[in-house]
Amino acid sequence: MRDEIGKMLQQILSELKELKSGQARIEEKLDSVYDHTVKSAEDITETNMKLVDQVIDDIDYLKHKEHKTEEDLYKLKKNLKIVK
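Read left to right, the sequence shown gives residues 50 to 133 (our numbering).
Just so you know, not all the hints are guaranteed correct.
Pairs of lysine to aspartate or glutamate residues, derived as EDC-like cross-links and limited to a Cα-Cα distance of at most 20 Å, are as follows [to be verified]: (1) Lys88 to Asp106; (2) Lys117 to Asp106; (3) Lys114 to Glu95; (4) Lys127 to Glu115; (5) Lys117 to Asp107.
Derived CB-CB ranges, DEER-like [said to hold, decoys possible]: (6) Asn97 to Glu120: 32 to 38 Å; (7) His113 to Glu76: 54 to 60 Å; (8) Asp52 to Glu76: 32 to 38 Å; (9) Lys112 to Glu76: 38 to 44 Å.
No lab work stands behind these hints, which were simulated from the structure alone. Positions of the beta carbon are idealized from the N, C-alpha and C atoms, including for glycine.
Please model the entire structure based on the sequences and the hints provided.
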């Protein structure tokens with residue numbers, strides 16, 4: 050009976066060791082996934098900031114062109130009134 054209990058105890062300890070080893074592997078994989086997620090989030094944020102900057106530049110340019118076009122139209126209308 051003592052032998053059986055000893056064998057069972059050894060089996061339980063062996064399984065516990067396997068579980069701890071498996072848990073360590075899972076934690077390593079989780080850390081790796083976390084690191085990749087952080088890197089991806091940083092890359093996405095950087096890309097978005099570049100896009101936002103580009104959009105802001107484009108909007109500024111379009112505002113400038115709109116203003117220039119309005120000035121040109123004003124001058125044309127003014128000259129047309131003079132010619133009439």
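How the hints compare with the structure:
Distance restraint check for Lys88 and Asp106: the Cα-Cα separation of roughly 27 Å exceeds the 20 Å cut-off, and the hinted pair is therefore not satisfied. A C-alpha spacing of about 16 Å is found between Lys117 and Asp106, which places the hinted pair at or below 20 Å, so the restraint holds. About 29 Å separates the Cα atoms of Lys114 and Glu95, which puts this hinted pair outside 20 Å; it is violated. Only pairs whose Cα atoms come within 20 Å are accepted, and Lys127 paired with Glu115 is accepted, the gap being roughly 18 Å.
The suggested pairing of Lys117 with Asp107 holds, with an alpha-carbon distance near 15 Å, which does not exceed 20 Å. The hinted window of 32 to 38 Å between Asn97 and Glu120 holds, with their beta carbons roughly 35 Å apart. Separation of His113 from Glu76 is about 55 Å and conforms to the stated range, judged on CB atoms against 54 to 60 Å. Look at Asp52 against Glu76: about 36 Å separates their beta carbons, and that is inside 32 to 38 Å.
Between Lys112 and Glu76, the C-beta spacing of about 53 Å breaks the proposed range 38 to 44 Å.
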